[in-house]
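Could you fit the two chains together into a complex? Lean on the hints.
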Amino acid sequence: MDAQSLITFAIFAPLLGAVIAGFFGRLIGDRAAQLSTTALVFAACAASWVIFLQVFSGSLEAFTLQYLRFIDVGSFTAHWSARLDTLSAVMLVVVTSVSALVHFYSIGYMEEDPHKPRFFAYLSLFTFAMLMLVTAADFMQLFFGWEGVGLASYLLIGFWYKKSTASAAAIKAFVVNRVGDFGFALGIIGCFWLFGTIEFAELFPQIAAKSDVSVAFLGMSLPAMDLLGVLLFIGAMGKSAQFFLHTWLPDAMEGPTPVSALIHAATMVTAGVYMVCLLSPLYEFAPVAKTVITVVGAVTALFAATVGLAQNDIKRVIAYSTCSQLGYMFFAAGIGAYQAAMFHLFTHAFFKALLFLGAGSVIHGMHHEQDMRNMGGLARFMPVTYAVMLIGTLAITGFGIPGTYLGFAGFFSKDAIIESAYAAGLHNGAAHMAFWFGLIAAGLTAFYSWRLAFMTFHGPLPKAHEGAHGDAHDDDHHHEPHESPMVMLIPLFVLSVGAVFAGYVFYDAFVDHHQAEFWRGAIYTAADNHVLHDRHDVPGWVLWAPFVVSMLGLFGAFVAYIWKRGMGKRVADRGGPLHSLFYNKWWFDELYDATFVRLTRVLGDVFWKVGDQKIIDGFGPNGFAATAAHTARRLAKLQSGFVYHYAFVMLLGVLVLGALGLWLSGVWG
Amino acid sequence: MMDVLVQQLFFAGAEVWLAVMAMVLLVVGAFVGNRATAAISYASVLVLAAAVAFIIGLNGHPRVSLFGGAISTDALANFGRIMVFVTAALAIVLGDRWMKRVGLQKFEYPVLMLLAALGMSVMVSANSLISLYLGIEMQSLALYVLAAFSRDNPKSSEAGLKYFVLGALSSGLLLYGISLIYGFTGQVGFAEIANALPTSSKVGVVFGLVFMLAGLAFKVSAAPFHMWTPDVYEGAPTPVVAFFSSAPKLAAMILTARVLTEGFALATPEWQQVLIVIAVLSMIFGSFGGLVQGNIKRLLAYSSIANMGFALVGLAAGTAAGVQSVLIYMVIYMLTSLGLFAGLLVTARQGRPLESFEDFAGLAKVRPGLALVMTLLLFSAAGIPPLAGFWGKFFVFKAALDAGLVWLAVIGVVLSVIAAFYYLKLIKVMWFDEGDRPVDGIAWDAGLVALAMALFVGPISWFVLPVLEPWALRAAAILF
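So the protein sequences, as listed, match chains A and B. No gaps in the numbering here: position 89 of the first sequence is 94 in our numbering, and each next residue is one more. No gaps in the numbering here: position 441 of the second sequence is 1460 in our numbering, and each next residue is one more.
The following block holds chain B by itself, in its conformation from the complex (with noise of 0.2 Å):
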């Protein structure tokens, strides 16, 4: 007993030890005060950088069910993981620093960090509806804080507010899917409950399917339940924005992605279409969204509404390759936005951020460094060949054209073309046009994170490209 115990909690190991160092920094914080902010930001890195290791070292050994299925560990989770622990790295870097510069460091910052990556941890390993609840939960509940940690700017706290009202909502939601699907099948587990589904109801199990499609689309904020985006992002600060649109996301997404292949696979054609239009909706959204819009972090909202349903354009094929494709897709996007928020941080006009396109009118002149940075990423994210951005696309719609929607892909297609309107726009903005007033000195670390993102997004991807899509099949095969 005690065996199986301590084996179970050694491949928990990466959560155990995420929970424990976030409540050992809380107590740290909580004696020694904001003056410790730098240090636990590091110790968070560390904590993070351990984490990735350990789970590297998991790296191939055979799926492992841990506390009565409620998660496993498996090469989906190790994907997920490794990704989402990155990128929250990357977050606290950005976020610690900039803190520092507009006077809100405080040490809560990399300690809620670690506790949503804790939560979003749980939610890739989630094997039962209990657990993805929870992780979920947990996951929001840090966010919700972070989206108002700059409590004494009232958008922020609009933001923080907003937000938590209607992911509220969102969770109400998810619970009520869950637990009409608990009351048709009578399982929790995802297994368990793929194998009740034949004797279900079914238009009770497909019910309370939607129900929590609904709670998860609002999650990674996908149409109709992403009206939260623009207005979060905007008022948030910008580094933890910049951490919304990247690990939560993909956390989400591969939440989705295991729930309804590993539990819900009878239910194919149903959740099937649900996906569809909630996939044309979010490019509707997100594309037409983003044409109007003056501010870059709005924009960025609609632009990752609109790759959210392209992204979901592959998981609707519901095909291994389909789910290959969106982590590949989920991966690209991430750090394309890291980087492209992490390109708002760099620079400032006396203290005030670069927010809106008359902002970046004529970065070249003055910037040229930065403007070619966030060209790159902006060509990227409208996906320019040879981009990373383009192959994204590319894995997307071919998934989705193997699956047989080819009116899919090509509303995809059509959509990619007007949501690029506005990146080019952009670059547009900081070529073309006329300004070079001046602007403040560069933030290194945040430019050092874009060129870094830049140069991923161009020429590191082609080698890294044929790395992460064996690695992304391997994660995506386990749900088949």
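Next up, chain A with everything else stripped away, as it sits in the complex (with noise of 0.2 Å):
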């Protein structure tokens, strides 16, 4: 097959899933539904690498696949089509291998819940549409996609829809996404209101000749690039969970695992990333908008991983975890290392993936308990999801020997980064803060998941798992800790591959000196942009400062942990300063409740019983409606039933028409 009728597959085997899965899952039986949702999405897989490693050998071109018209309004056009350059081709093989390895993995892991045929129609709805975002070829089909991954995100987050918190997680995400969306729908419109489409082939073109066009906005003049730029990055930090708008991702991990390992870690909330760096032309015009993006990447990097060290819920450390990675991506995206971003979010898929479904695996062996404080020793319970975990820990910590190749995926993405922002910081203050801000989230990131690993496999297991399991599940469970079948497991092999090998293999295609080659156009860098090339000549206490950082990290939760077991739990329970801080979450949440929260929901009383229900119901509808009745009852009155009452107001009414009559006729005109 080539390569169009390829992708063409690719994208339309998961919609096909959904739809047998979703209408017909009752019909055809679980297990039916099951196996045909994840078997389509890992044929999609197939034919995804097959189109990725054509394009990684140089032996495809970009192209763009129209299938359909979809809006055609005076000159406002959109397509449906299929857009693959070296960008879409790797989202494509990201979202679907995660994709279906989570088909896979949930078989197990959704053994005994009751609704899998749906929860398999949205896995792979959610697939489908994250297709249609990277295949986009203009702004309608990538804001389709991005509304198409929302929406599944909010069904899946809220999947066990009878538990409060999962719903109300459900809405949080879904209202927290309105507001990016928001800026970037404005970007969108401020995007052809400047340039007259949508199209990204034909947009982008023009950027470099209105890069001085400026534009009044809210009172300012404005650099228009900047301003389009700021807007669609503010869509990006709704959906990449970014800081200010990141309160719904941890709340998001209500829904199932998979979900999380799947929508929540490796693919959605990557889309933000992946739109910044398909936006690029866009962005090497906008400088301010660029400034915008290192900050807020660098501030959330730092963030998180604070708010990451004194979680206890295991999905939370991750999901938090999370948040700083795409932090991460984010300032290099804004520094100008695009590159760098697009690795680490590919390798990130890999080792992030990995660690949310060994979680979920830890989670299953656990009977559903999330709470750290409530595991222990876990490792000699179940030893492949140890081994796998500890793989995920030293992918994300950026375990590797600096200068050598010797290292896990996340070591050449992470330290790509780092390097790339510290290269570009000589000139630049707030690629110096990214540097930073990264170098010690890095640290922090070494602890927290090294905390996560120790708190979780070992030491001993907490009373409460060896007896009686307090929880309401059926006696013929095994009470103690067990390992995940292999259907749960071998998806945790194949990501474990990925998260060792991932970042040698593909680094030098990425960012290294085969770049150019392997991207092919794909991600455009002004002619001053040479953050890339820059990053090879930092000195060498910047490729050891990463790895020695992370070292200490791992010695901060060796020590708290291991060594003085019980130190971290003083640390919490003392509540200082910095671990309140911490394990509040900055009081985000408290905040956001205090002032947007609690005014909405007061201009929404003010609207309702006042607005509403006084003044248009009063006047309104019920006004109206009592009005109408008391008419009624006088008109009825007048139906007296005599005979002569009735002749009387025949003879009135052609006195009055009479009159009428006489007072228009003048002359003939």
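Just so you know, the hints here were simulated from the structure itself, not pulled from any lab data. Among the clues, some could well be false.
Stated by the list, open to error - Mimicking SDA-like on lysine to any residue, the simulated pairs with C-alpha atoms at most 20 Å apart in a straight line are:
id: 1; chain 1: A; residue 1: K574; chain 2: A; residue 2: S585
id: 2; chain 1: B; residue 1: K1119; chain 2: B; residue 2: G1370
id: 3; chain 1: B; residue 1: K1125; chain 2: B; residue 2: A1055
id: 4; chain 1: B; residue 1: K1447; chain 2: B; residue 2: R1493
id: 5; chain 1: B; residue 1: K1444; chain 2: A; residue 2: A634
id: 6; chain 1: A; residue 1: K168; chain 2: A; residue 2: M115
id: 7; chain 1: B; residue 1: K1447; chain 2: A; residue 2: A634
id: 8; chain 1: A; residue 1: K215; chain 2: A; residue 2: P228
id: 9; chain 1: A; residue 1: K215; chain 2: A; residue 2: V300
id: 10; chain 1: B; residue 1: K1119; chain 2: B; residue 2: N1172
id: 11; chain 1: B; residue 1: K1444; chain 2: A; residue 2: T632
id: 12; chain 1: B; residue 1: K1125; chain 2: B; residue 2: N1053
id: 13; chain 1: B; residue 1: K1174; chain 2: A; residue 2: Y649
id: 14; chain 1: A; residue 1: K167; chain 2: A; residue 2: M115
id: 15; chain 1: B; residue 1: K1447; chain 2: A; residue 2: A630
id: 16; chain 1: A; residue 1: K642; chain 2: B; residue 2: I1303
id: 17; chain 1: B; residue 1: K1447; chain 2: B; residue 2: P1404
id: 18; chain 1: B; residue 1: K1444; chain 2: B; residue 2: I1403
id: 19; chain 1: A; residue 1: K574; chain 2: A; residue 2: Q375
id: 20; chain 1: B; residue 1: K1125; chain 2: B; residue 2: R1054
id: 21; chain 1: B; residue 1: K1174; chain 2: A; residue 2: A641
id: 22; chain 1: A; residue 1: K569; chain 2: A; residue 2: G581
id: 23; chain 1: A; residue 1: K574; chain 2: A; residue 2: L466
id: 24; chain 1: B; residue 1: K1174; chain 2: A; residue 2: S645
id: 25; chain 1: B; residue 1: K1444; chain 2: A; residue 2: R638
id: 26; chain 1: A; residue 1: K167; chain 2: A; residue 2: Q375
id: 27; chain 1: B; residue 1: K1444; chain 2: A; residue 2: P228
id: 28; chain 1: B; residue 1: K1384; chain 2: B; residue 2: K1447
id: 29; chain 1: B; residue 1: K1444; chain 2: A; residue 2: M115
id: 30; chain 1: B; residue 1: K1444; chain 2: A; residue 2: A630
id: 31; chain 1: B; residue 1: K1444; chain 2: A; residue 2: F629
id: 32; chain 1: A; residue 1: K642; chain 2: B; residue 2: G1313
id: 33; chain 1: B; residue 1: K1444; chain 2: A; residue 2: T636
id: 34; chain 1: A; residue 1: K642; chain 2: A; residue 2: V654
Okay, structure coming up:
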């Protein structure tokens, strides 16, 4: 098959799966729904890899395939299409690979759930929407995919909709994303307004010519590119849970764990990064927007890492870690190292999915226990999970020997980012800040990642789990922690391979000497942007710094949770200001609750009780209805039943109409 | 001379045929007695069917003026006559079976219906003031008797008497108007009046016209000449009311359109204003008046008042599109109304007909099919798309908008929302109110008519409207 058919197949196979499982799931049964969706996504994954390898080897040219017209109004046109270039090829393999493994894993993880077809339908629907997003050739389809993944995310976070926290988390995710999407939509509208098109292929070449156009916005005169860049980035902030709009991501952990792995770690949340890289032709002409991205990314990387230090829920730790890693990707893009951002996105997908699925295995083995304080010593109950989680931890902490090509996936990508930040920071304050923030965050990452590993797998198992388990589970459960079935372990092995080798294998193509041949224009770098090249010239201490801080982090975690066991707990119990700050997530939820939520509620109350009930209902429907009933009763009185009344009304009518006629008639016009 | 007469009698064939057959059937009935009622009823239906067939045969023939310009056969007259005859036939079918069930079966019923249909046939083809009056009176006299048909029932007698007294008054007004116009123009033919208008006294003509309009408004039960309607609808036998609410209204509406546009085109700005007043008043009285009714027949009386108001909105536009919209509106209204009244006839409780809201409470539980049919008809009457009633209103309001009568259309839309309340109320009572008292068996004749009408306002109308629309336009176009 040629690449055109392959990509079409890869995009629509998951949709087919979603339709089969979603509409006919009850008809064909659980097993058939699981197998059909999983098989179709695996097929899509195979197709994606074939395409990617062709791109990787340079034998496939970029192309855009138009399927159908979407909107054609006046000068506004949008198409359903599939855009293939290196960027979308990378995303294709990331999305379909993780999705396929998650589908497979879910067969085991969701074994006891009564709504399997619905779950698999949502997963496949998500995959389809994500593929639409990454292969979009214009903003309209990008937005469609963007909202499609948002919908699937909403549905999956709230999958256990009977749990009120899950429903609330789903709504929160949806609402926070609306804020981002508002900016995003404004950005798209702005693009159309400025360029008269939303097709990337037509839009990008115009940017250089219009790079110094200014627009009036909120009473200020702003450079158009920066304004558009910031507006679009606001959308990315929402989707990728960046600082200020990050609050939904930890709550999204209410969804089933495979969902967290697929959507809230590997794919959907990286859509923002992908978009910024895709729009590199625009951002290269938007220095202010790039600075904003750098600062927000760096702050997020550090902020989320600090919060991750103090969380006790195994999934929340990983969620904040995701948030933090996304921050890395953004500031990499912000300083112009888009390739490094994409590279980190690529490797992160493997090791973060691995960590999440590993955590899922732990949760599964612990009978839905997620609090790490109730765990410990699981290494002897689930050795395989322990091993893969170690690989994941080594990968995320960026373990590797600087100056060599020995290291886990995260080593290559994260160090590339930190080096780039240093190189860019030599003549850019924001990048300099990002370098230091990124470095500190790397240390914190090591600490919380190892803390997770130590709290979960080492030490003694708390008493609660040795005897009867308090949960309302059937008695035929084994109450001891147990290793997960093969169906859940196989995806872990596959991802482990990725977490180990993805960095080494693709380093050269993504960010090193052959990056230009690999990307082939899919990412645009301005003539004065040498970040990727300059990073080779950084001093030696910069190369070693990430290694040192992550070792420090490892050492700290080792001390607090193994050597001086109980130290971590004592610090937490003491509840010092720093710990409270981190534990309470910098009080962002409380802050938002006190401001936006309460304000909105007050406004809503005013509009509802005063505006709607009193004014609109009072004078509108209800007042109107009362008036109508009143009028009707009075009219009914006229209807007396006496013929002479009727005759009188008739004569009166003739009189009035006659008078009207006389008044109207002058001479024949 | 002989040839001309034969030719004229040929083109008036439908009227001649109806007149002769009505007499024949009357004589048969007089000799055989009420035993022959069923046979006479079916014969009447056949007579009407034959008349329809004859008119369809005439269809497409250019306008022919008959009897010195008294009447003419043209597209509008053909349109009106076909509709009138079809509804009369349906009403005879409905009435005959129902009368039999309630022990009222008399052979005069079909004969009177034939005579009324003949009167309306003259009305829709009238081309002069004399034939206008003749047609109206012929129709009315038959209808007065029909209203009082259940003569042992005090309410029915009251209905007939009221109708007759007020009808006589309206005839007086009409005649007075006619005499004024004749006096000021010296003409009775519509075309001749139109020619004489520029040289006549405007005040006199308009004053006469107002009186004529009062008489015509009475016939379509438009406010403020509508007061008889609720009482007569409540008292008269239901099949008769079903007929009242349909064909006579269409005939009078066509007659009004014809006299106004053919005879008084020059006075359009004046009669437009008068019609607007009548239309607005009718919509107001019809919409608000229905809100507090407990009796369904009275409710439908107000509904028909409101509907005449909506139809007059189209007529007030004073354009071909306006007349077209009136024709479409009236056809849809007529059939919806027939369906609703047929629905009232379908069942009963221990022989007592269902007439009040309480009677309909919970009908959906005991007779879901009937409730569904009624619901469809009521939704259509309320103007809910995609049912036919919506399209009727759409055409009427669009005609008004195109003629620049924006505020009139706005009032119409607002009042149609208010009127929607009572239709929806009946739906709500049928489906959501408690009450599962048993009802008698289904009367299939009425049930089939109701079902047919429900199907008409529903899916069938989507196929009929594309045919009806150009047909009504052809009929309306001959006036301009």
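Evaluated hints:
1. K574/A <-> S585/A: 13 Å, holds
2. K1119/B <-> G1370/B: 12 Å, holds
3. K1125/B <-> A1055/B: 9 Å, holds
4. K1447/B <-> R1493/B: Distance ~40 Å between K1447/B and R1493/B Cα, so the pair is violated.
5. K1444/B <-> A634/A: 13 Å, holds
6. K168/A <-> M115/A: With Cα atoms ~16 Å apart, K168/A and M115/A stay inside 20 Å; holds.
7. K1447/B <-> A634/A: 18 Å, holds
8. K215/A <-> P228/A: Answer holds: K215/A to P228/A is near 10 Å, not above 20 Å.
9. K215/A <-> V300/A: 26 Å, violated
10. K1119/B <-> N1172/B: With Cα atoms ~16 Å apart, K1119/B and N1172/B stay inside 20 Å; holds.
11. K1444/B <-> T632/A: 17 Å, holds
12. K1125/B <-> N1053/B: 5 Å, holds
13. K1174/B <-> Y649/A: 18 Å, holds
14. K167/A <-> M115/A: 16 Å, holds
15. K1447/B <-> A630/A: It holds: about 17 Å lies between the C-alpha atoms, which stays within 20 Å.
16. K642/A <-> I1303/B: 15 Å, holds
17. K1447/B <-> P1404/B: Within the cut-off at roughly 18 Å; holds.
18. K1444/B <-> I1403/B: Judged against 20 Å, a Cα distance of about 14 Å means the pair holds.
19. K574/A <-> Q375/A: OK: K574/A and Q375/A at ~17 Å, within 20 Å.
20. K1125/B <-> R1054/B: Holds, because 9 Å separates the two Cα atoms, which is no more than 20 Å.
21. K1174/B <-> A641/A: 19 Å, holds
22. K569/A <-> G581/A: The hint holds at about 19 Å.
23. K574/A <-> L466/A: 15 Å, holds
24. K1174/B <-> S645/A: 15 Å, holds
25. K1444/B <-> R638/A: 17 Å, holds
26. K167/A <-> Q375/A: At roughly 19 Å apart (the allowed maximum being 20 Å), Q375/A and K167/A satisfy the hint.
27. K1444/B <-> P228/A: 60 Å, violated
28. K1384/B <-> K1447/B: Given pair K1384/B, K1447/B holds - Cα atoms ~13 Å apart, limit 20 Å.
29. K1444/B <-> M115/A: 49 Å, violated
30. K1444/B <-> A630/A: The hint holds at about 13 Å.
31. K1444/B <-> F629/A: Since the Cα atoms of K1444/B and F629/A sit roughly 17 Å apart, the hinted pair holds (cutoff 20 Å).
32. K642/A <-> G1313/B: 14 Å, holds
33. K1444/B <-> T636/A: 18 Å, holds
34. K642/A <-> V654/A: Given that 20 Å is the threshold and the Cα spacing comes to 13 Å, the pair holds.
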